[in-house]
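Sequences are here, hints too, so could you generate the full structure?
6 protein chains.
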Amino acid sequence: MEGFTHFNEQGRANMVDISEKCETSRTAVAFSRVKMNDSVWEAVREGKMKKGDVLSVAQVAGIMGGKKTSDIIPMCHPLMLSKLNIEFEMPETGIIDIYVTVKTKGSTGVEMEALTAASVTGLTIYDMCKAMDKGIELGPTYLLEKEGGKSGYFKR
Amino acid sequence: MEGFTHFNEQGRANMVDISEKCETSRTAVAFSRVKMNDSVWEAVREGKMKKGDVLSVAQVAGIMGGKKTSDIIPMCHPLMLSKLNIEFEMPETGIIDIYVTVKTKGSTGVEMEALTAASVTGLTIYDMCKAMDKGIELGPTYLLEKEGGKSGYFKR
Amino acid sequence: MEGFTHFNEQGRANMVDISEKCETSRTAVAFSRVKMNDSVWEAVREGKMKKGDVLSVAQVAGIMGGKKTSDIIPMCHPLMLSKLNIEFEMPETGIIDIYVTVKTKGSTGVEMEALTAASVTGLTIYDMCKAMDKGIELGPTYLLEKEGGKSGYFKR
Amino acid sequence: MEGFTHFNEQGRANMVDISEKCETSRTAVAFSRVKMNDSVWEAVREGKMKKGDVLSVAQVAGIMGGKKTSDIIPMCHPLMLSKLNIEFEMPETGIIDIYVTVKTKGSTGVEMEALTAASVTGLTIYDMCKAMDKGIELGPTYLLEKEGGKSGYFKR
Amino acid sequence: MEGFTHFNEQGRANMVDISEKCETSRTAVAFSRVKMNDSVWEAVREGKMKKGDVLSVAQVAGIMGGKKTSDIIPMCHPLMLSKLNIEFEMPETGIIDIYVTVKTKGSTGVEMEALTAASVTGLTIYDMCKAMDKGIELGPTYLLEKEGGKSGYFKR
Amino acid sequence: MEGFTHFNEQGRANMVDISEKCETSRTAVAFSRVKMNDSVWEAVREGKMKKGDVLSVAQVAGIMGGKKTSDIIPMCHPLMLSKLNIEFEMPETGIIDIYVTVKTKGSTGVEMEALTAASVTGLTIYDMCKAMDKGIELGPTYLLEKEGGKSGYFKR
Numbered sequence: 001m002e003g004f005t006h007f008n009e010q011g012r013a014n015m016v017d018i019s020e021k022c023e024t025s026r027t028a029v030a031f032s033r034v035k036m037n038d039s040v041w042e043a044v045r046e047g048k049m050k051k052g053d054v055l056s057v058a059q060v061a062g063i064m065g066g067k068k069t070s071d072i073i074p075m076c077h078p079l080m081l082s083k084l085n086i087e088f089e090m091p092e093t094g095i096i097d098i099y100v101t102v103k104t105k106g107s108t109g110v111e112m113e114a115l116t117a118a119s120v121t122g123l124t125i126y127d128m129c130k131a132m133d134k135g136i137e138l139g140p141t142y143l144l145e146k147e148g149g150k151s152g153y154f155k156r
Numbered sequence: 001m002e003g004f005t006h007f008n009e010q011g012r013a014n015m016v017d018i019s020e021k022c023e024t025s026r027t028a029v030a031f032s033r034v035k036m037n038d039s040v041w042e043a044v045r046e047g048k049m050k051k052g053d054v055l056s057v058a059q060v061a062g063i064m065g066g067k068k069t070s071d072i073i074p075m076c077h078p079l080m081l082s083k084l085n086i087e088f089e090m091p092e093t094g095i096i097d098i099y100v101t102v103k104t105k106g107s108t109g110v111e112m113e114a115l116t117a118a119s120v121t122g123l124t125i126y127d128m129c130k131a132m133d134k135g136i137e138l139g140p141t142y143l144l145e146k147e148g149g150k151s152g153y154f155k156r
Numbered sequence: 001m002e003g004f005t006h007f008n009e010q011g012r013a014n015m016v017d018i019s020e021k022c023e024t025s026r027t028a029v030a031f032s033r034v035k036m037n038d039s040v041w042e043a044v045r046e047g048k049m050k051k052g053d054v055l056s057v058a059q060v061a062g063i064m065g066g067k068k069t070s071d072i073i074p075m076c077h078p079l080m081l082s083k084l085n086i087e088f089e090m091p092e093t094g095i096i097d098i099y100v101t102v103k104t105k106g107s108t109g110v111e112m113e114a115l116t117a118a119s120v121t122g123l124t125i126y127d128m129c130k131a132m133d134k135g136i137e138l139g140p141t142y143l144l145e146k147e148g149g150k151s152g153y154f155k156r
Numbered sequence: 001m002e003g004f005t006h007f008n009e010q011g012r013a014n015m016v017d018i019s020e021k022c023e024t025s026r027t028a029v030a031f032s033r034v035k036m037n038d039s040v041w042e043a044v045r046e047g048k049m050k051k052g053d054v055l056s057v058a059q060v061a062g063i064m065g066g067k068k069t070s071d072i073i074p075m076c077h078p079l080m081l082s083k084l085n086i087e088f089e090m091p092e093t094g095i096i097d098i099y100v101t102v103k104t105k106g107s108t109g110v111e112m113e114a115l116t117a118a119s120v121t122g123l124t125i126y127d128m129c130k131a132m133d134k135g136i137e138l139g140p141t142y143l144l145e146k147e148g149g150k151s152g153y154f155k156r
Numbered sequence: 001m002e003g004f005t006h007f008n009e010q011g012r013a014n015m016v017d018i019s020e021k022c023e024t025s026r027t028a029v030a031f032s033r034v035k036m037n038d039s040v041w042e043a044v045r046e047g048k049m050k051k052g053d054v055l056s057v058a059q060v061a062g063i064m065g066g067k068k069t070s071d072i073i074p075m076c077h078p079l080m081l082s083k084l085n086i087e088f089e090m091p092e093t094g095i096i097d098i099y100v101t102v103k104t105k106g107s108t109g110v111e112m113e114a115l116t117a118a119s120v121t122g123l124t125i126y127d128m129c130k131a132m133d134k135g136i137e138l139g140p141t142y143l144l145e146k147e148g149g150k151s152g153y154f155k156r
Numbered sequence: 001m002e003g004f005t006h007f008n009e010q011g012r013a014n015m016v017d018i019s020e021k022c023e024t025s026r027t028a029v030a031f032s033r034v035k036m037n038d039s040v041w042e043a044v045r046e047g048k049m050k051k052g053d054v055l056s057v058a059q060v061a062g063i064m065g066g067k068k069t070s071d072i073i074p075m076c077h078p079l080m081l082s083k084l085n086i087e088f089e090m091p092e093t094g095i096i097d098i099y100v101t102v103k104t105k106g107s108t109g110v111e112m113e114a115l116t117a118a119s120v121t122g123l124t125i126y127d128m129c130k131a132m133d134k135g136i137e138l139g140p141t142y143l144l145e146k147e148g149g150k151s152g153y154f155k156r
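Chains as they are written, first to last, in full-length UniProt numbering: chain U, 1 to 156; chain S, 1 to 156; chain F, 1 to 156; chain D, 1 to 156; chain H, 1 to 156; chain B, 1 to 156.
Because the hints were derived from the structure by calculation, they are not lab data.
All figures in this text were calculated on a predicted structure; none of them were measured in a lab.
Check the hints yourself; a few may be wrong.
Because identical chains cannot be distinguished in the list, a pair is counted as satisfied if it fits within a single copy or across any two copies.
The list that follows gives simulated cross-link-like pairs (lysine to any residue, SDA-like), each with its CA atoms no further than 20 Å apart [as the list claims (entries may be wrong)]:
(1) 68 with 150
(2) 83 with 9
(3) 68 with 10
(4) 35 with 147
(5) 21 with 155
(6) 134 with 18
(7) 68 with 92
(8) 83 with 8
(9) 21 with 39
(10) 68 with 16
(11) 105 with 16
(12) 134 with 144
(13) 21 with 132
(14) 35 with 134
(15) 21 with 8
(16) 105 with 89
(17) 105 with 80
(18) 83 with 23
(19) 150 with 16
(20) 134 with 145
In structure tokens form, the structure reads like this:
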């Protein structure tokens, strides 16, 4: 099963040994798009001007979700995140784009933390809006960029 | 802020009152697609024939993630899930489709549990394969079907 | 050790048997006060007019904290909360008052859920403001009112 | 794969459907034995007469661990426990016996909750004593008795 | 919104970047007071002489709560605590004082860990005694002292 | 109470101060045995050849359980695990042996992480098989070996 790093000699999943890897600064940026109907989108956008809006709840959820990554993704190492920031863009009617930047100084990357935070942010937007639109679509969700570590720089 | 059910009189988010809602049987089916390059996809498919494969780890993660929904999504009510099942399809090269069925007997629906389980399943596939392909795409993720509760039947 | 309900025959703590108690509607209202210096208080109040303000983060934290009660307080039974709402008042300069209402339909009361949510809300306000004022004071925190269950109605 | 109830039609694990099962009263009693050298055992026993002793920490841990069962054991349904009690016996030098009784009113049994609480209790005894004796042995751990549900009464 | 460190450029909350901050030894001491009626206070004090007393349960809860801080407080960084100690004083009838000392070697302070542990300790005292006195008051809770980090020494 | 390291000056449990301890590489290996009747054992062994087998679910559970150790065992310090691997042996009919290896680079050992992972692995095997055999026995569970730290090398 060459290529996969998560399997041990018995062919079963394990948490790979990172004890010999260097502690370096690592950054990852993930992206996720949420698509909804126009009237919900308008309601979310107006909410942004008010207290307690959809996006601010989603963002708190995303940050807390990013911190739970190693509890949610079985083979993820626990990590001390040093930064987790979430920004939103609403580039056109019906679209909310989520950008998550995560930093750590450690022996393994933070791609999963960024992707998990982005997914939880999107799921929370769905939850806050589902009474108005059950057809909301989450994704695509992907890694935009990563820096640091042996595998080096990646940019989509 | 008509239409949103998650805000209180101060315009802030709250966990809506479901104490007057009926306990009925509720089902939700969520879907999520994972897109990867062909060689990783082949490796995952072969893994299916062996112990400890990618999909079986992803599936355990998805089930455990679905049970964590009310801990991850801020305004979700805690719920006693009575069933959570995940099935995979690989309809064409490069595509893994995730179907999650969740059931409960309770006062609120299980859409978020199904969507969260589907997302965590996809994230885990990404994690298991990211050493081979950092460009894997998660989504679209959406609700396929729901049944039970006042808002009734929904099918995409 | 009469009077305490949390100890077993060996004199050790246990989770008391509620299997014979009735499922009734139960409500609890908790209060917590946060005292800070005037300039921080002004900054928080202005934040209320903007997105991402201190109180909306604190409120999401309080709701999520309330749901974690049985995971935080050793002898608390897990409970299906049917409502959790948090409201703020700023009755005078330097004071933020937190009111938490929790409802359930179950065999035990929700006092601890309301008090835990109120405490987490206050702690989060501290965290968001501590760069400006390390002397912020949390409390008093107490039960304002409870309804339902054998011990009946309580009002402070 | 007849006999196993935790696998779906694809041969993968799932959380079995309990939505058609009756809500009945269910009880389970689990047992776990801890074996340690005589001097540690004496120290633990003396500790029982003082505040903050080993067994009282272990017992709080066991109760909290029992409540986490569905978060720890992948295919366990979340359950509202109505009682969780832990008792200790020290039948002879070097032996601490742990008895855990769990009750619920629900659609599935509480064997796993009792066994998990017993295991966490034992692990905590190990942790509290390991500076003095790294050779402590945990187990055997088994189900002593269960009552309620379709599979009926079991006694070892 | 000068003064607040928890907001990003969009005015939303984030987990601030500590990747450039030094790893130094950091200590924080928090205080919390619990006020109860005299008869409950006597019962708690007597319990101190016995196994399984209120304060020892509260203390285990406080330690475990302190470790959960970054899971409870949205913008808190995960931290490797190197010490967490809780002491009680009962300076006069009706009063229990809680002192929590937390240490770490890291890039950010442990004030929130100390305050969270103190609050959870108090909440657990409430829970253990509420059958006898629903009017128990928690607080004031505040930071007594902190050391280490750029903002330096603070003493109330 | 000489010999115990988990008690403070008031005789109560605390999380001992490790801030002066060195960061060294630490390894621990734990063992746990599961005993079941022959027909279940055969079913588990055959399952190994298929997707979704009992042992692969148990193994994912064990890895995730190991990461939760400081959340489950009250006085355990949070730790950044750098490796967690689980292997199975089936040395004779009716016996499944679990071997867990954990590594970290830190100020305290990983014995508890290895023992907790081994226990959760065994508990999950029980859960997956309990429909066929309620009499399955878990244990003995013990530390096989540890390396690193002031107390040095231990081998059973």
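Hints versus structure:
no., hint, verdict
1, 68 with 150, "neither (25 Å within a copy, 28 Å between copies)"
2, 83 with 9, "between (35 Å within a copy, 14 Å between copies)"
3, 68 with 10, "neither (28 Å within a copy, 24 Å between copies)"
4, 35 with 147, "neither (29 Å within a copy, 23 Å between copies)"
5, 21 with 155, "neither (22 Å within a copy, 27 Å between copies)"
6, 134 with 18, "between (42 Å within a copy, 19 Å between copies)"
7, 68 with 92, "neither (31 Å within a copy, 33 Å between copies)"
8, 83 with 8, "between (32 Å within a copy, 11 Å between copies)"
9, 21 with 39, "neither (50 Å within a copy, 27 Å between copies)"
10, 68 with 16, "both (19 Å within a copy, 17 Å between copies)"
11, 105 with 16, "both (18 Å within a copy, 14 Å between copies)"
12, 134 with 144, "between (28 Å within a copy, 9 Å between copies)"
13, 21 with 132, "between (48 Å within a copy, 18 Å between copies)"
14, 35 with 134, "within (11 Å within a copy, 24 Å between copies)"
15, 21 with 8, "within (18 Å within a copy, 32 Å between copies)"
16, 105 with 89, "neither (28 Å within a copy, 37 Å between copies)"
17, 105 with 80, "both (8 Å within a copy, 12 Å between copies)"
18, 83 with 23, "both (16 Å within a copy, 15 Å between copies)"
19, 150 with 16, "within (15 Å within a copy, 26 Å between copies)"
20, 134 with 145, "between (31 Å within a copy, 10 Å between copies)"
Comparing the model with each earlier hint shows violations of hints 1, 3, 4, 5, 7, 9, 16; every other hint is respected.
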